[in-house]
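Following the hints, position chain L against chain G.
The primary structure of each chain is shown beneath.
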Amino acid sequence: DVKVTQSSRYLVKRTGEKVFLECVQDMDHENMFWYRQDPGLGLRLIYFSYDVKMKEKGDIPEGYSVSREKKERFSLILESASTNQTSMYLCASRGTAVTDTQYFGPGTRLTVL
Amino acid sequence: DAKTTQPPSMDCAEGRAANLPCNHSTISGNEYVYWYRQIHSQGPQYIIHGLKNNETNEMASLIITEDRKSSTLILPHATLRDTAVYYCIVTSGGSNYKLTFGKGTLLTVNP
Numbered sequence: 034d035v036k037v038t039q040s041s042r043y044l045v046k047r048t049g050e051k052v053f054l055e056c057v058q059d060m061d062h063e064n065m066f067w068y069r070q071d072p073g074l075g076l077r078l079i080y081f082s083y084d085v086k087m088k089e090k091g092d093i094p095e096g097y098s099v100s101r102e103k104k105e106r107f108s109l110i111l112e113s114a115s116t117n118q119t120s121m122y123l124c125a126s127r128g129t130a131v132t133d134t135q136y137f138g139p140g141t142r143l144t145v146l
Numbered sequence: 467d468a469k470t471t472q473p474p475s476m477d478c479a480e481g482r483a484a485n486l487p488c489n490h491s492t493i494s495g496n497e498y499v500y501w502y503r504q505i506h507s508q509g510p511q512y513i514i515h516g517l518k519n520n521e522t523n524e525m526a527s528l529i530i531t532e533d534r535k536s537s538t539l540i541l542p543h544a545t546l547r548d549t550a551v552y553y554c555i556v557t558s559g560g561s562n563y564k565l566t567f568g569k570g571t572l573l574t575v576n577p
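Residue numbers (the numbering used here), protein chains in the order written: chain G, 34 to 146; chain L, 467 to 577.
Using C-beta positions, here's what the derived DEER-type ranges look like:
1) Met60/G to Lys569/L: 25 to 33 Å
2) Lys86/G to Lys569/L: 31 to 39 Å
3) Asp84/G to Asn496/L: 20 to 28 Å
4) Ile93/G to Lys569/L: 17 to 25 Å
Think about it this way: if two alpha-carbon atoms lie no more than 35 Å apart in a straight line, the pair counts; the simulated DSBU-like pairs of lysine-lysine are:
5) Lys51/G to Lys564/L
6) Lys569/L to Lys88/G
7) Lys564/L to Lys104/G
8) Lys564/L to Lys36/G
9) Lys569/L to Lys103/G
10) Lys88/G to Lys469/L
11) Lys90/G to Lys564/L
12) Lys103/G to Lys90/G
13) Lys90/G to Lys569/L
14) Lys518/L to Lys104/G
15) Lys569/L to Lys518/L
16) Lys104/G to Lys569/L
17) Lys564/L to Lys518/L
18) Lys518/L to Lys90/G
19) Lys46/G to Lys569/L
20) Lys36/G to Lys518/L
Negatives, chain G to chain L, calculated, CB over 12 Å:
21) Val45
22) Glu55
23) Asp59
24) Lys86
25) Glu95
26) Ser98
27) Lys104
28) Glu112
29) Thr116
30) Asn117
31) Val145
Simulated from the structure, these hints should not be mistaken for laboratory data. All residues carry an ideal CB built from backbone N, CA and C; glycine is no exception.
Chain G with its partners taken away, still in its complex shape:
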C-alpha cells in the first residue's frame, strides 16, 4: 500500500515564526502536492512538484514556499506564519500514468496564534 506520512498531526506556532511541514512518500512517485483545506472552501492547491527540485505554483502560493531535494520528500515552508494560515494542510503524491491515483497523507492541523 502507498504510504504518505506527514511530520506532525497537530502544530501550534506563533505569528511570524518560520514553519516547516514535511511530507514523505514511499512509492517512488514523481508528483507531490501540498493543499490546504478550510471549511466552506474545500481543498486548494498551494504548490506541486513533478520532479526533484522542480516545483510549480498552485492556486494559492502566496506566503508559502516549497522544497524538494529528494524524490520521496516534499516540504512546505511558511516563511512568516500568519493567523490566516491556520488550516489543515494535506500532502499528496501520485505517479505519472494518466490513471494514477493521488494518495493523501493524514494531514497537519496548523494553528497560528
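For chain L alone, coordinates are given in the frame of chain G:
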C-alpha cells in the same frame, strides 16, 4: 475539468447498501470519474475510479451511465466507519493534474 453535483447529505442504515449519486453532465470523452472520501480530520482516501465501464473493488462499486453524465458509488454493506464526506471528481488526469474537491456528500451511517 467538468463540474460535479452531489447531494449535500444522505443517511443510510448500517448493513444496507449506500448509493451515492453524482451528476457530471459536462464530462468530456477523456475525463475519468474518481471517488474519494474523507473521514473527519483525516486526509482524503481514494475509493475507486472509472472511465465508462462499471468498476468494482474491495471497497465499492462504481456505476457510470451509458451517456457518462452521471454515476453512482455503491457501498454494498455500509458500516458506521463509512460515515464520511464523499467526493466525486471528474478529471482528465495527466502528470500534473490537481484535484478539485467540491462540497461532497456527507454520508451518515446510522446503527
